[in-house]
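K.L.:
Listed here are the chains, written in short residue letters.
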Amino acid sequence: MAHHNSLGKVLSLTPAVLIFAVLALLPVINLFIVSFHEVSWLGGAKQMEWVGVDNYIAIGDDPLFKAGVFNTIIVVLVATTAQVVIGLGLALACSSVGDKSRPFRALLILPLLIPGIVIGAIWRLMYNSEFGIFNLILESIGLSGHDWLGSSSTALAAVIVVDVWHWMPFAFLLLLAAVESLPRDVSEAAKIDGATAWQEFRKVTLPLLYPAIFMTFLFRAVMASKIFDEVFLLTAGGPGTSTEVVSFTIFQRYFLQDNAGYGSALSVSIIFVVSVIIVIALNANKSKGMSQ
Amino acid sequence: MSHAVSKRYNRTTNYLIGFLVLAVFTTLAPFVYIAMSSFKTQISLLMGDVKFTPTLMNYNEVLFDRTSDYLRNFTNSVVVTSISTSLVIVIAFFAGYSLFRMRWPTYVVNIFLIWSMAFNLIPSVTLASAWYDLARSVGLNNDYIALILAHMTLHLPMALWLLASFFREIPRELEDAAYVDGASFVTLVRRVVAPLMMPGLMATGILIFVFSWNEFPVALALTNNDTGTVPVAIAKYAQEEEIKYTQMAAASVLSAVPALLVLLFGQRFIVRGLTAGAVK
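Chains as they are written, first to last, in the numbering used here: chain A, 2 to 293; chain B, 961 to 1240.
Do not rely on the hints blindly, as some may be mistaken.
Which residues of chain A face chain B? A partial, calculated answer using Cβ under 8 Å [to be verified]: (1) PRO16; (2) CYS95; (3) PHE105; (4) ILE123; (5) SER130; (6) GLU131; (7) PHE132; (8) LEU137; (9) HIS147; (10) PHE171; (11) LEU207; (12) LEU209; (13) LEU210; (14) PRO212; (15) ILE214.
One-sided and incomplete, this derived list gives chain A residues near chain B with beta-carbon spacing under 8 Å [said to hold, decoys possible]: (16) ILE110; (17) ARG203; (18) VAL205; (19) THR206.
Keep in mind the hints are simulated off the structure, nothing from the lab. Heads up, the beta-carbon is just placed ideally off N, CA and C, and yes, glycines get one too.
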C-alpha cells in the first residue's frame, strides 16, 4: 500500500542491517582470511604469515577432530532419540491426565532455564567417584563405586545422560504442543470403533504426530551437535579423546593452543558444512512449495 | 460411562500421574542435591554425610570473601544481559515490523532468514573465534562492549524469528484504519503495533534474557577476570587444582535465581516463546 512511509520503513531496518554487516558478516569474512595464515601476536600486534591451504590440509590428520566428529555423531543420535522418546511419553501422559498435569509441566521445564555450565557443575558433583551421590547409593547397597567421568568406558555415556536430562524438556514442550493440537474427533472415532488404547496410539495418534516428531528430532539434533558447556565442565574432552566433541576441538585448537590460523580453518569448515545444509534445506523447501 | 470403565480409566490415570511424578522427581533431584551441597562444609561433603548442620559459610565466602570475584561476575552478567537483551528487543521489534509488515524485495527477507538459520546451526565457539580476532584487533577484547555486541549479534536473528509469528497475528485492518485516520508512522507504531505486540515482546525478551544469561563459550572467549560473567565464574571453580565443591554449589544456586524468577512469573511466556520458534 502506498501509505507505507518509506523513510520509517528503511530507518526501522537499518540497525539490524548494520549489525548483520559489521558484526556477523565481517567477522566471518575475516575468519576466512585468517584461515589461510599462520597467526602470532607480538606485543599486541597481529602478525600474519600466508600459508595457503596448509591449515585445511592439516584437518585431515587431526586426531582430535576425528574423535570429535565421531563422538558428536554418537551424542546427537543417542541423546536426541532418548529425548524424543521420553519427551513423547511425557507429552502423551500430560495430555491424557489433563488439567491435573499443569503443575508437573511447569516443573519439568526447569532444566531448560539453567546455564549449561551449572548443569555441568551439578552433575560433576553427583558423578564424583569419592563422594558423589551415585557411588554413595551403590556403596550403601554393598556394590562398589565407579569413576563415571574418569574412565573412558563410561565418560561419553555419562555426558549423554546429562544432555538427555538437560534437554529432554525441550522435546517434551514441542511434542506437548503437537499432542494438544491433535483433532479430538479422530481419537473418539477410534474409540467408538472399539480400538484398544495401544491400537489407537499406534494407528491414529503416532502417524498424526510424525511431522512434529521429525521437527523435534531435527531441532534437538542441531542443538546437540553444538554441545560444549557440559563437556567443558564435566570432562574437558577426556579421558584421552573419549568425550572430545567438535566444538571443544575448535576451542582447544584456537584458544587453548592459541593456533588461530588452524582454529579458523576448522571454524570455516564447519560454517561451510552448515551452509551446504542450509542450501539443501532451502531448495528442498522450494521444490516442495512448487509441487503443492 | 459404566462403573467398570470409569474404574479402569482412573487406574490408568493414576499410573500416568505416577509416571509424571517420577519424571518430576528425576528433574528436581539434582537441584535438591546441589542446594543441599551448598549448605554443607567441604569436609561434610567429602565424607558423604547424609545428616549435616546447614551452614551459610559457602554463600558468605562466594559473595563476600575478598578473594572471590563472584559478586562482580554477577553484576557483569546483569549488565551484559540486560543491555544486550533490551537493545535486541528494540532493534528486532523495528526490524521485524519493517520486514514482516512492509514490502521488501524477497532477497532482503531471505538474508535475515538465512542469517537466523545459520546462527542457529553454527556452533557458537566458531563465532567466538571470529569475534575474538576482531575484538583483539581493535583492542576491545576483555571489554563489556565486545561481549554485549556479540550477544546482540547472537540473539538478534533468534528474536526476529520468534517475533515473526507474533507479527503475523496482528490484523492489518487495524494499521490501515490508523492510516486512514491520519496517524503518522511513529503514532502507528506507538499506539497500535507496540501494544498489540506486548505479549510477543515479553515472550521473546524473557527467552533472550535467559539465553544471554546462560551463554558460555562467547563470554569465555571475550572476557577476563574483571569482565567475566556468571557461567565463566562457575567454570573457573571447576578448573582449580583443589576444587571448592561446596562453593561451586553455592555459586551455582545463586546463578539459578533469574531462572527461578522467570519460572515463577513468566512461565507462560517461556512456553509460548519456546514453542513459537519451532512450531509454526
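K.L.:
Are the hints correct? Go through all of them and say.
P.N.:
Now the hints, each set against the structure:
Nearest Cβ of chain B to the Cβ of PRO16 of chain A: about 5 Å, under the 8 Å cut. The hint holds. Restraint check, CYS95 of chain A versus chain B: the minimum CB separation of about 7 Å is within 8 Å; hint holds. The criterion of a C-beta within 8 Å of any C-beta in chain B is met by PHE105 of chain A, whose closest approach is roughly 5 Å, and the hint holds. At about 5 Å, the closest approach between the beta carbon of ILE123 of chain A and any beta carbon in chain B falls short of 8 Å, and the interface hint on this residue holds.
A least Cβ separation of about 12 Å between SER130 of chain A and chain B goes past the 8 Å threshold, and the interface hint is therefore violated. The beta carbon of GLU131 of chain A is positioned within 8 Å of a beta carbon in chain B (closest approach about 7 Å), and the interface hint is therefore held. For PHE132 of chain A, the interface hint holds, the least distance from its beta-carbon to any beta-carbon of chain B being 5 Å, beneath 8 Å. Given hint, LEU137 of chain A at the interface with chain B, holds; its Cβ is 5 Å from that chain's nearest Cβ, closer than 8 Å.
Using the Cβ-Cβ criterion of 8 Å, the hint placing HIS147 of chain A at the interface with chain B is not satisfied: the shortest such distance is roughly 15 Å. Checking PHE171 of chain A against chain B: minimum C-beta separation of about 7 Å stays under 8 Å; hint holds. A hinted interface residue such as LEU207 of chain A counts as satisfied when its beta carbon comes closer than 8 Å to some beta carbon of chain B; here the least separation is about 17 Å, so the hint is violated. For LEU209 of chain A, the suggested interface contact is broken, since its CB lies about 14 Å from the closest CB of chain B, more than 8 Å.
The interface hint given for LEU210 of chain A is broken, as the beta carbon of that residue sits about 12 Å from the closest beta carbon of chain B, more than 8 Å. Taking 8 Å as the C-beta cut-off, the interface hint given for PRO212 of chain A is violated, the closest approach to chain B being about 10 Å. Annotation: interface hint on ILE214 of chain A violated; nearest CB of chain B at approximately 12 Å, more than 8 Å. Taken as an interface hint, ILE110 of chain A checks out: its beta carbon lies about 7 Å from the nearest beta carbon of chain B, inside 8 Å.
Given hint, ARG203 of chain A at the interface with chain B, is violated; its Cβ is 17 Å from that chain's nearest Cβ, farther than 8 Å. Restraint check, VAL205 of chain A versus chain B: the minimum CB separation of about 17 Å is more than 8 Å; hint violated. Residue-level restraint check for THR206 of chain A is violated (minimum Cβ-Cβ distance to chain B is 15 Å; threshold 8 Å).
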